[in-house]
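Please model the complete structure; the sequences and the hints are all you need to start from.
First to last, the sequence lines map onto chains A and B. Position 80 of the first sequence, counting from 1, maps to 118 under the numbering used here, and the rest follow consecutively. Position 80 of the second sequence, counting from 1, maps to 118 under the numbering used here, and the rest follow consecutively.
Hints are supplied without guarantee of correctness; some may be wrong.
You can't tell identical chains apart in this list, so a pair holds if it fits in one copy or across any two.
[What the hints assert, rightly or not] In silico DSBU-like cross-links for lysine-lysine, where the CA-CA straight-line distance does not exceed 30 Å:
id	residue 1	residue 2
1	Lys124	Lys77
2	Lys55	Lys152
3	Lys55	Lys124
4	Lys152	Lys77
Derived by calculation from the structure, the hints in this document are not laboratory data.
There are 2 protein chains.
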Amino acid sequence: MDLKQVIIINSDLEMSKGKVAAQASHASLNAYLRADNQKRSDWLSAGGKKVVVEESREKFPEVVREAERLNIPCYKVNDAGLTEVKSGSETAVGLGPEEASKIDKITGEMTLVK
Amino acid sequence: MDLKQVIIINSDLEMSKGKVAAQASHASLNAYLRADNQKRSDWLSAGGKKVVVEESREKFPEVVREAERLNIPCYKVNDAGLTEVKSGSETAVGLGPEEASKIDKITGEMTLVK
Chain A
39 MDLKQVIIIN SDLEMSKGKV AAQASHASLN AYLRADNQKR SDWLSAGGKK VVVEESREKF
99 PEVVREAERL NIPCYKVNDA GLTEVKSGSE TAVGLGPEEA SKIDKITGEM TLVK
Chain B
39 MDLKQVIIIN SDLEMSKGKV AAQASHASLN AYLRADNQKR SDWLSAGGKK VVVEESREKF
99 PEVVREAERL NIPCYKVNDA GLTEVKSGSE TAVGLGPEEA SKIDKITGEM TLVK
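Given below as C-alpha cells:
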C-alpha cells in the first residue's frame, strides 16, 4: 500500500508560516490518532509521507462528508482563536494516513501550498 | 501541569509555507510518539498546544543534548530531500509534549516563526 496523509489548509484565512505549521501539526496528529493501528504503523514505517494543500473553507463540509463515506481518517481543526484568527475558525483538515489513490479522490485537484 | 510542544524550524533553509508545515508535522508527530502515555493523554486533553519557533541549525546538537539531559521527548527530522532541500537536511526538531517551563529552558529565547 502506498499510504499518505494530506493536510488541507484553509486558503481563505491569512495565516503566517508559523501559524500554518501549527495548524497543520494539529490536523496531522489528530487525523493520525483516528487511523487504525495497522495503517498508522505501516505509514510511519514508510516514512510518514505528508502533503500540504490548500482549499477554500466552503469545500470543507464536502471533504469531511466524502472522508466519512470513504472511511478515511479525518480531523477538522477548529482553532481556539488565541492568535491571528477568530475563535472557531476552521483552519485545516487532516486526512489519512490512507491509501494515496483513495485520498486523491478528495484532494487530487487541490493546489500544493507554496 | 502546563504542557506544550515546541517545534523548531531550521532558519538556515529557504522553505515554502507548505514545506515548513509538512516538516513541522513530522517533528510534532514523532516527538509525540516519544512521550510517555500520561503526558500524551494530558496534553491532548488540554488541546495539544503547539508553538513554532526558528533557530539556526548549528544550535540543533545542543538542543538535542539538552532535551536528553532534561528527559524531554525530542525528534529531529532529517528530510529525504525529494523537494526543496538536500537529502539529509535537518529541517526541524520537535520537543515535547512536556511541562512548558522545562521546554522553555531550551527554547525560551528562540523567535516565533512569522
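Against the structure, the hints:
Taking identical chains as interchangeable, the C-alpha atoms of Lys124 and Lys77 lie at most 30 Å apart only when they sit on different chains, with a minimum of 28 Å there against 34 Å within one chain. In this assembly of identical chains, Lys55 and Lys152 lie within 30 Å of each other by CA distance both inside one copy and across copies; the values are 10 Å within and 6 Å between. When the C-alpha separation of Lys55 and Lys124 is checked against a cutoff of 30 Å, the pair qualifies both within a copy, at 17 Å, and between copies, at 21 Å. Taking the shortest alpha-carbon separations for Lys152 and Lys77, only the intra-copy value of 28 Å comes in at or below 30 Å, while the best inter-copy value is 34 Å.
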